[in-house]
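**Q** Protein chains in written order, with our numbering: chain S, 8 to 238; chain G, 8 to 238; chain W, 8 to 238; chain U, 8 to 238; chain P, 8 to 238; chain E, 8 to 238; chain Y, 8 to 238; chain D, 8 to 238.
Some hints here could point you the wrong way.
Just the calculated beta-carbon pair ranges, DEER-fashion [to be verified]:
1. Ser65/G <-> Lys26/Y: 23 to 29 Å
2. Asn56/S <-> Gly129/W: 44 to 50 Å
3. Leu96/S <-> Trp144/D: 27 to 33 Å
4. Leu19/G <-> Ser152/E: 56 to 62 Å
5. Gly129/P <-> Glu27/D: 43 to 49 Å
It should be emphasised that the hints constitute simulated quantities derived from the structure, not laboratory data.
Cβ coordinates follow ideal geometry from the N, Cα and C atoms, glycine included.
Number of protein chains: 8
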Amino acid sequence: MDACIVKTYDELKLDFPRKERIGFEEAILCPGKTPEHLEAILEQAAARNATMLLTRMSADQVASLRPEHREELDYEPLSRTAYFGFRKLPEPAGAPRVAVVAAGTSDAFVTREILRTLHYAGENASSYVDVGLAGMWRVMERIESIGQHPIVIVVAGMDAALPTVVGGLVGSVVFAVPTSNGYGVAAGGESALRAVLASCSPGLAVLNIDNGYGAACAAMRVLRAIDAEGQ
Amino acid sequence: MDACIVKTYDELKLDFPRKERIGFEEAILCPGKTPEHLEAILEQAAARNATMLLTRMSADQVASLRPEHREELDYEPLSRTAYFGFRKLPEPAGAPRVAVVAAGTSDAFVTREILRTLHYAGENASSYVDVGLAGMWRVMERIESIGQHPIVIVVAGMDAALPTVVGGLVGSVVFAVPTSNGYGVAAGGESALRAVLASCSPGLAVLNIDNGYGAACAAMRVLRAIDAEGQ
Amino acid sequence: MDACIVKTYDELKLDFPRKERIGFEEAILCPGKTPEHLEAILEQAAARNATMLLTRMSADQVASLRPEHREELDYEPLSRTAYFGFRKLPEPAGAPRVAVVAAGTSDAFVTREILRTLHYAGENASSYVDVGLAGMWRVMERIESIGQHPIVIVVAGMDAALPTVVGGLVGSVVFAVPTSNGYGVAAGGESALRAVLASCSPGLAVLNIDNGYGAACAAMRVLRAIDAEGQ
Amino acid sequence: MDACIVKTYDELKLDFPRKERIGFEEAILCPGKTPEHLEAILEQAAARNATMLLTRMSADQVASLRPEHREELDYEPLSRTAYFGFRKLPEPAGAPRVAVVAAGTSDAFVTREILRTLHYAGENASSYVDVGLAGMWRVMERIESIGQHPIVIVVAGMDAALPTVVGGLVGSVVFAVPTSNGYGVAAGGESALRAVLASCSPGLAVLNIDNGYGAACAAMRVLRAIDAEGQ
Amino acid sequence: MDACIVKTYDELKLDFPRKERIGFEEAILCPGKTPEHLEAILEQAAARNATMLLTRMSADQVASLRPEHREELDYEPLSRTAYFGFRKLPEPAGAPRVAVVAAGTSDAFVTREILRTLHYAGENASSYVDVGLAGMWRVMERIESIGQHPIVIVVAGMDAALPTVVGGLVGSVVFAVPTSNGYGVAAGGESALRAVLASCSPGLAVLNIDNGYGAACAAMRVLRAIDAEGQ
Amino acid sequence: MDACIVKTYDELKLDFPRKERIGFEEAILCPGKTPEHLEAILEQAAARNATMLLTRMSADQVASLRPEHREELDYEPLSRTAYFGFRKLPEPAGAPRVAVVAAGTSDAFVTREILRTLHYAGENASSYVDVGLAGMWRVMERIESIGQHPIVIVVAGMDAALPTVVGGLVGSVVFAVPTSNGYGVAAGGESALRAVLASCSPGLAVLNIDNGYGAACAAMRVLRAIDAEGQ
Amino acid sequence: MDACIVKTYDELKLDFPRKERIGFEEAILCPGKTPEHLEAILEQAAARNATMLLTRMSADQVASLRPEHREELDYEPLSRTAYFGFRKLPEPAGAPRVAVVAAGTSDAFVTREILRTLHYAGENASSYVDVGLAGMWRVMERIESIGQHPIVIVVAGMDAALPTVVGGLVGSVVFAVPTSNGYGVAAGGESALRAVLASCSPGLAVLNIDNGYGAACAAMRVLRAIDAEGQ
Amino acid sequence: MDACIVKTYDELKLDFPRKERIGFEEAILCPGKTPEHLEAILEQAAARNATMLLTRMSADQVASLRPEHREELDYEPLSRTAYFGFRKLPEPAGAPRVAVVAAGTSDAFVTREILRTLHYAGENASSYVDVGLAGMWRVMERIESIGQHPIVIVVAGMDAALPTVVGGLVGSVVFAVPTSNGYGVAAGGESALRAVLASCSPGLAVLNIDNGYGAACAAMRVLRAIDAEGQ
């Protein structure tokens with residue numbers, strides 16, 4: 008290959024000023040990136056002594072890294088998230104201000120992405136899982152506790168009816184994350200997405216299918232607004 | 008126009024043996040039928056002294072009929088149903104065995120089609136309306152009463168989460184009828200349809216969007232199975 | 008029609024406890040409701056001396072009301088919203104905490120629904136309109152002012168690129184409302200909806216197409232979280 | 008990974024009271040569940056001495072279990088169903104009350120899921136397969152026998168015309184299960200699903216694509232209604 | 008408006024050599040054509056003493072024509088077809104070689120377009136209507152007669168199961184025309200189209216939704232092949 | 008309505024610097040704009056002595072304007088375009104550098120929008136219409152003349168095969184504009200759009216359905232590049 | 008597994024009378040069939056001394072057969088067709104009456120399925136491939152020869168413009184088979200399918216995506232009609 | 008297999024006159040081509056001493072070639088492009104006239120296809136990558152430089168907002184290439200495609216999803232028009 012194309016690596020433009028601008032750092036969305044792309048990105052981070060969050064990183068991508076980079080990763084395979092540049096990430100302190108509520112255990116790949124993203128940003132969170140509506144007593148037992156968090160993220164696939172029920176019962180900020188879990192008309196998450204967008208519970212706000220990272224970022228925007236007020 | 012096409016009227020083939028075969032009569036689905044079609048159909052019914060149920064009949068179609076036919080119609084405009092051949096339809100007797108449950112008052116055009124179809128067949132029914140999940144106490148107050156019917160038809164538009172909740176709480180036969188109510192992604196009922204098909208409540212069975220007539224027929228099939236057992 | 012169906016009116020179940028439960032009142036979504044439905048609803052409100060917000064109300068629906076109800080309405084035709092039970096709604100006090108940003112003047116039917124819903128709830132808001140990206144200087148001139156609001160609602164049809172740009176520049180809570188404006192692939196708002204859900208700006212949360220009411224409710228959930236903190 | 012996420016396993020909330028509530032037990036839908044999830048679920052079942060039905064379980068998931076759990080499984084690979092906690096499931100007694108009718112042999116993965124789910128619940132069933140409409144004599148030869156069952160489940164992919172024909176000939180309760188069999192426009196089952204929802208045979212009720220489990224549950228709801236009547 | 012655009016009328020390029028090339032004349036598809044377009048087209052036909060078939064012509068378009076053109080039209084409103092240039096079209100002679108079979112009377116707008124197009128071309132046809140599968144005896148009574156035509160055109164909306172049944176019973180050339188009749192998932196004809204494309208009956212060939220004209224042309228291509236052989 | 012909403016009119020931000028920036032002026036897309044919006048826009052233009060192009064303007068919108076504004080409009084109803092601020096637009100001079108090629112006369116509403124937009128910008132154009140592929144001799148007769156223009160815009164609905172044929176025969180810049188003409192699967196233009204995007208002719212570039220205005224703008228970008236070179 | 012399910016094999020109902028009924032034999036569509044299914048089918052064929060055509064058969068399915076069955080197969084991997092029960096299939100005699108025309112060499116998996124199906128039925132065919140419209144001279148050179156066949160099957164993926172061009176130039180019966188070749192909007196063949204259904208060439212009849220087998224069957228129906236005439 | 012099918016190889020019709028006709032050579036789109044197809048193609052090229060560009064060529068396809076053909080390939084795996092017949096392709100001379108702008112590094116598989124196609128044709132190009140709008144300063148820093156190229160190709164996946172921003176800031180010819188990068192609603196590129204087609208920036212012209220090759224061809228058509236002018 009000729010030189011002009013190799014130049015694309017030199018021209019990587021990471022958005023390091025993002026934290027200052029909007030309150031949280033750029034994360035690296037890994038699909039479609041070659042090993043060379045990932046190495047170049049981690050190098051730029053290492054050169055600045057910066058830490059980094061990587062999302063949707065495959066085990067193959069981890070394995071393709073140079074050992075000195077790989078060692079710096081705290082990788083969690085179900086959520087496919089990695090923390091770069093930490094020997095040890097301190098436990099988040101303070102009472103949890105975000106509740107993550109999930110209909111099924113199969114949604115864990117999304118709930119963990121949320122929890123890991125918040126953890127990376129130093130935020131604590133509570134999790135309430137396996138509370139699907141086929142047995143509604145499970146969410147009803149816990150709804151008071153859920154409603155005590157200023158922010159509630161509800162994760163649900165298939166018919167995604169859970170966010171509607173939660174949104175009708177608590178006055179918190181409610182974000183709904185539809186998931187790709189399901190088969191037939193539910194496969195891929197389009198049905199869940201449409202259901203939460205069409206919810207009869209007022210004021211639910213919706214993220215892309217399986218977008219746990221985005222839900223965590225939306226929560227951080229709200230926490231920032233709360234913190235600004237508290238000052 | 009030439010004769011060969013006029014012949015199409017002579018060749019009308021109403022399915023009068025249907026009741027014997029499957030337990031309930033053919034109903035006439037009106038959209039797309041010309042006044043000539045409708046007149047020919049009613050004439051055949053009148054000639055046999057048969058009564059008839061007409062569905063999705065527009066006010067214009069009613070108005071286009073000959074007065075002697077129009078007089079024989081009991082027409083209800085919201086459900087767009089008409090009974091032909093009755094001076095007075097007797098009130099159905101017996102305890103209601105079907106509960107019709109609807110999320111919103113805007114779904115009345117469907118719930119009435121169900122009630123009118125059952126009524127035509129001599130079946131009594133209970134109705135529980137305006138019990139949407141945004142305020143869940145409304146359905147919870149009535150769930151025990153709902154569950155005492157062997158058959159429950161749940162009608163819901165938008166995100167159609169109500170059938171999931173009801174299906175998880177009662178052991179009755181549950182039919183879900185998604186409606187076209189809603190806007191944006193909900194417009195037309197595709198989102199409601201997908202949600203009920205993907206429901207996490209086991210054993211919900213689904214009808215086409217706005218198909219109140221079909222839900223009533225499905226209920227009649229179940230009632231027939233129950234009655235056969237009772238004999 | 009028989010009595011059992013007329014009973015549906017008696018069984019209207021308005022969700023009056025909603026405000027206590029989640030912080031704001033039930034609003035009446037008007038499409039699909041008959042004049043009888045609307046009269047029954049307003050009667051219940053009047054009987055309790057309650058005020059009410061009606062959304063997506065057509066001019067025909069307004070005209071169909073009894074004069075004594077019609078007189079109690081403050082109706083705005085572009086947003087199709089009505090306030091019931093107010094002689095005069097007081098101007099909201101306090102600095103605006105919500106910025107409503109719209110790409111085009113054609114989106115006014117949505118931006119007004121947001122502003123009217125917030126106003127009904129006593130919230131002040133700023134509006135920044137006609138700032139589409141084809142001439143980006145328009146939004147850049149105003150971005151600093153926009154970013155000073157803890158909540159920003161961005162309304163955009165067609166390709167809905169504006170929320171991405173705003174979300175990348177301000178750290179506020181950002182809600183995106185895709186609109187049905189546009190033609191060809193943009194008609195109906197599906198393209199705008201998909202674009203904002205797929206946004207590369209992190210933490211945008213999305214409402215249904217044209218759902219200005221929902222965006223205002225989501226904002227009120229955030230304001231409530233902020234206010235709780237401030238206490 | 009940190010402790011807070013491990014906690015998700017402790018919080019598994021199986022719906023053991025479901026049988027009492029609606030008449031049949033929770034089944035475990037396996038896709039998306041990790042080996043750890045499955046082990047934790049089976050442990051809870053074992054601790055209560057409960058049996059369990061697992062659906063859509065892959066051979067890899069079976070292989071990932073601890074030997075003592077694996078031994079307790081009766082796994083059938085085509086339907087991907089497993090019975091947990093049985094040395095030997097007794098043959099269902101009594102005359103079959105459900106007829107399972109399938110257009111093609113390729114639909115066997117669905118028909119077996121139905122038969123295995125009914126069998127697990129102690130219900131007997133008849134099966135009529137390979138009776139597609141391209142050679143209609145096959146279903147016509149058997150239609151009288153089919154119609155003697157109070158419940159008929161028709162399984163069909165591609166154009167799914169079979170449920171319409173059966174529904175027009177028998178007065179039984181008819182559930183239609185569209186399958187994902189087919190290619191081109193039929194791939195994935197959307198065409199079959201739409202066809203059965205739009206059927207001109209009145210009172211067909213529809214399940215999600217490939218949802219044999221759901222059809223069996225719907226049948227059990229009807230059997231329960233019949234049995235209640237018979238008491 | 009300036010001259011260059013008016014020129015578009017002068018540049019009308021009717022395909023008069025089509026009949027020589029492929030065996031039948033160009034027909035004029037009317038939607039989207041202005042009165043000026045239609046006048047210019049009829050003028051060119053009149054100048055050549057040619058007759059013409061117009062399809063999907065609205066009553067408004069007929070009314071907009073100059074009286075001397077309007078008089079030359081034999082217009083049939085249900086099929087929206089018009090013959091131009093005939094005082095009287097002779098009855099087609101010979102035994103019918105095309106059978107037009109339709110599921111419902113509501114499909115008459117399509118079946119008439121087929122019959123009128125064939126008639127214009129001098130072809131005789133038989134019609135078998137109102138033979139939907141909900142009462143299958145109707146088509147079974149007539150199937151032998153249908154199968155005696157070398158070409159069978161089956162017209163069906165909703166689930167469009169009829170072409171599959173007919174195609175499995177007769178060895179004729181079978182063309183399926185899905186129609187836009189139906190509601191919910193059937194609205195617009197997409198479900199019917201998908202069903203006939205996915206048919207398990209081998210060798211059905213399919214036309215666009217509501218395309219009766221195209222089906223007649225396809226039949227004429229086959230008749231031409233038969234006639235060539237007969238020579 | 009309260010003052011804050013009236014302010015939206017004052018805040019109209021027309022993009023007057025656009026011509027300097029990218030070479031042509033902002034045009035006003037009329038759908039969704041109220042009479043007040045349009046008046047405010049024309050006023051701003053009049054105040055600057057600027058001319059303006061309005062697109063997709065309905066006859067009702069024209070009629071709603073104040074007479075002094077209406078008089079300044081040169082409105083063409085088929086293309087729904089208006090020129091504001093011209094007593095008389097001079098004929099474009101110079102040899103035409105753009106060829107507009109259209110499959111059917113029904114596409115005239117799009118071809119005129121292209122021609123009118125180019126004319127407004129002072130560009131001359133040739134038009135070749137009614138050259139659909141069902142009679143391919145029509146385009147073959149003219150293809151050499153078409154290929155002598157540096158830019159060719161091909162407008163086609165239904166199956167939109169014409170751009171593929173033209174793109175394979177001429178080396179000009181080719182823009183394809185799919186139109187909404189057609190019925191059944193073609194209705195709305197999605198089929199035409201997909202066909203031109205998937206074209207096997209290399210280097211066709213595509214505009215939104217019915218977007219004649221956009222095609223003219225794309226042509227102007229190319230003309231600008233050519234003119235820059237010529238300098 | 009229990010006996011009732013094993014019974015499904017005994018109940019295989021092959022449609023041996025099909026040839027008598029409609030003129031050609033049942034073929035076995037292999038996807039979704041287990042090795043046991045296939046063995047049972049071939050056994051039934053062998054027991055009757057019947058030959059058989061198998062379609063979409065994977066190499067794995069071939070490999071899974073018992074050697075004595077595998078030996079009886081003439082398998083062609085690109086078309087995934089197999090002839091069962093032939094030592095040697097005789098070359099078809101007579102002049103070819105079907106022309107198979109394909110836009111690209113990548114469509115060979117479909118064109119071979121057509122040719123192999125016709126060959127199995129004893130029909131000769133001509134093939135014209137790699138004649139895509141990007142270089143139209145390729146099809147123009149051969150169009151006269153193509154048009155001499157009473158039946159033309161045009162196979163095309165991507166934008167599938169070729170059937171429109173051929174259908175406008177020859178008066179033969181024209182069947183269009185869209186293929187799944189292509190990427191982006193063309194992936195899967197939906198764009199090609201829509202294009203051929205919406206074709207402006209009159210009387211094209213369409214098969215499902217990649218359905219070469221069906222096109223061959225449609226051709227055989229026409230040949231049968233021609234042959235009947237010739238008698 | 009019989010001879011008639013083997014003949015398809017002999018009948019390969021490469022479009023060697025394309026360059027003369029429209030200015031650039033036929034490229035070989037590899038998916039779906041067998042090793043025999045590819046060998047036959049390269050042989051024809053070698054026989055004429057012609058060079059060739061191959062696109063979307065898999066590593067497996069490269070590996071399947073005969074060594075003497077494989078040696079003649081310059082293959083680049085990320086873009087999956089190969090140059091055949093070059094020992095060494097000379098560096099393009101002259102100032103770059105095309106700017107390739109890409110939102111993310113994950114879009115490199117498309118940007119390289121563009122650069123490699125232009126390089127093969129002897130055209131130089133600049134590349135500006137990783138300039139996504141989440142951090143808009145990255146594109147703003149470079150926009151002046153970008154706008155100095157007569158042609159700008161903007162490559163973007165997910166919400167594809169970048170082409171709108173660039174198109175509003177530069178007066179160059181702008182082609183947008185949506186990519187399949189993204190997940191959830193963005194998966195496959197349909198959302199990106201719709202966004203760029205619906206762009207509010209006037210005169211963007213769009214290519215199929217991931218169609219870098221087509222964008223390069225469109226650019227070459229413009230360069231040819233510029234060069235013709237310059238003569």
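**Q** Does each hint fit the structure? Answer for all of them.
**A** Comparing the hints with the structure gives:
For Ser65/G paired with Lys26/Y, a C-beta distance near 49 Å fails the hint of 23 to 29 Å. At about 49 Å, the CB distance of Asn56/S to Gly129/W agrees with the hint of 44 to 50 Å. The hinted window of 27 to 33 Å between Leu96/S and Trp144/D holds, with their beta carbons roughly 29 Å apart. Take Leu19/G and Ser152/E: their Cβ atoms lie about 57 Å apart, and the range 56 to 62 Å holds.
The hinted range of 43 to 49 Å is satisfied by Gly129/P and Glu27/D, whose Cβ atoms lie roughly 48 Å apart.
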